[in-house]
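> Work out the full structure: start from the sequences and follow the hints.
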Amino acid sequence: MKISLQITLVAVFVAIGTAEKICVEVPTQVNEACSLSLDSGSSPCPEPRIRFSYNSLVGICTSFEYFGCDGEVPGNFDSSASCQSSCIDGTPTARCMESIFEGSCRGQDLSSTRWYSDGGECKEFTYSGCGGNANNFESLEACEASCP
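Just so you know, the sequence shown maps onto residues -19 to -1, 1 to 129 in mature numbering (1 follows the signal peptide of the UniProt record, and there is no 0).
No incorrect hints appear here.
Label pairs and their computed distance ranges (CB to CB): (1) S16 x S85: 19 to 25 Å; (2) E125 x V39: 18 to 24 Å; (3) S93 x P129: 21 to 27 Å; (4) T94 x E46: 19 to 25 Å; (5) G101 x S60: 25 to 31 Å; (6) S85 x S18: 17 to 23 Å; (7) P29 x G101: 37 to 43 Å.
Everything labelled a hint here was simulated from the structure, so no lab data went into it. All C-beta atoms, glycine included, are put in the ideal place defined by N, C-alpha and C.
Next comes the structure, spelled out in structure tokens:
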């Protein structure tokens, strides 16, 4: 399967203080696999596995339970890091300015320690495992590299 890569520029207005706005150009990567709908598996396996898929509505990779035994499925990543490197640009200026959002999982044990940028400083938080936003990194190093 041939996967194409298209780079586009998105203008994002970021509020600074109370009355000033700046325009930030945020390059975004569009990988064909990242635009596919979620595939939770068609041939049932005895044990579901946690996989990752790019959620274009919130601009981040989110986890889900994969019930299939189909092997490699496009848009179905085995780790958050592989999803992010395929679907999220490496210079996410605007994502570093988003407010912390712990996610929307309730009553499920998918939580993990993550990092977010708060005014240029990376801080630890507990991510629920579902939803959230793009200001969500698997490690302190990843946060600091993306949000200097």
